[in-house]
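Colleague: Here is what each chain is made of, one letter per residue.
2 protein chains.
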Amino acid sequence: MVGKIELNKRQQKILEIVKGNGPITGEHIAEQLSLTRATLRPDLAILTMSGFLDARPRVGYFYTGKSSTQLLTEKLKKLSVRDFQAVPVIVKEQSTVYDAIVTIFLEDVGTLFVVDESGCLSGVLSRKDLLRASIGQQDLNSLPVNIIMTRMPNITVCKKDDLILDVAKNLLEKQIDSVPVVKKIEKGYEVTGRITKTMITRAFVSLTNDDH
Amino acid sequence: MVGKIELNKRQQKILEIVKGNGPITGEHIAEQLSLTRATLRPDLAILTMSGFLDARPRVGYFYTGKSSTQLLTEKLKKLSVRDFQAVPVIVKEQSTVYDAIVTIFLEDVGTLFVVDESGCLSGVLSRKDLLRASIGQQDLNSLPVNIIMTRMPNITVCKKDDLILDVAKNLLEKQIDSVPVVKKIEKGYEVTGRITKTMITRAFVSLTNDDH
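So the sequence lines, in the order shown, correspond to chains H and P.
With the UniProt record's numbering applied, the first sequence covers 1 to 212.
With the UniProt record's numbering applied, the second sequence covers 1 to 212.
It is worth saying that the hints were derived from the structure and are not from the lab.
What you are looking at is a predicted structure, and each value in this text was computed from that prediction instead of being measured.
A hint or two may mislead.
One copy or any two copies: either way a pair holds, since identical chains are not told apart in the list.
With a straight-line Cα cutoff of 25 Å, these simulated PhoX-like cross-link-like pairs (lysine-lysine) come out [said to hold, decoys possible]:
no. : residue 1 : residue 2
1   : K169      : K77
2   : K128      : K77
3   : K160      : K77
So here's chain H without its partners, still in its complex pose:
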């Protein structure tokens, strides 16, 4: 249990009673334990204040079922894309693979986003896509990126209000390194940011900081 709360035997018994019979009044819990209401008051206070139980007037105590994991999840659910996103690096569909590789090094990123003439997201280029192309037989200076990129609609995107936790799950599930942060516009998606495993790593480390 987060918060070093170790419940004593009586408190654990109370939890069991409320789990099985809640909502239940303090008087009824006391009855079941053959104790007075006054004797139980400190225990009920501890169980309520530490989040194990909740109490409603004229209803009684009920089990909230919060484990330390749930409490931690609540903390993780405050971390959103908005707080961790980085600036996206974007190339046009007509750019060559050679230009894309140069951009990867100049901007020091692992993934490029490709936009069409109207500025809408049309593709994603990973280092692996570029490495694969570079050992092929084609001339990188005349090969346009739209031949080798992953295309819409096969691109996983996120919005700035999404949870970092959900993006992290998506990165793992889809086995990708990066997702664009997008905004819906008339003809598709505008790319406004990026989340990579570096930002997830930053979010992980930030959990030990006091700033949220």
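Since the structure of chain H is already known, use the hints to place chain P on it.
Modeller: Structure of chain P alone, referenced to chain H:
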């Protein structure tokens, strides 16, 4: 405060007294508040069980100063490299860059570790190193990886008992994607695993699971 604990005014006063005067006995706290020891008992119980205060027999109460962040940090300090490491993918110093690129695709990894004749870690190859070489003028089939790899001692390593949190900080600080998990042997380091930002992402997501 993790655990939904909201302290009431009296509990906050007790905390202040203990912060300023601890270690201090329950009797002395009661005196300062002009209350009886019995009246304070539930408050002291809550403050102790929720980790704000600690108590030692014949010494009294003292302030532990634990914030929710510290409690969370305690949880993060249980996650070690051992629990999240993946199998390392290793090539020999004499391998060609072409072979290394093929290995990257076959094994579906982002980083390769290079070992010398005695099996000791001698280098690291990232996708960026390989991409840089592949657009160079050299013949990838005759270029050995030890020409382009990052060499010892310029390699960040970790041990299996290290904290995931510390490895995550190192990945961010050194701006690298992966560190080898190593074991000291006679002539250097044996590579026994790898930690990448993917594993950090997995550790981040695992915080919402109940299995630790």
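Colleague: Could you tell me which of the numbered hints above are not met by this structure, giving the numbers in increasing order?
Modeller: Those not satisfied come down to hint 2.
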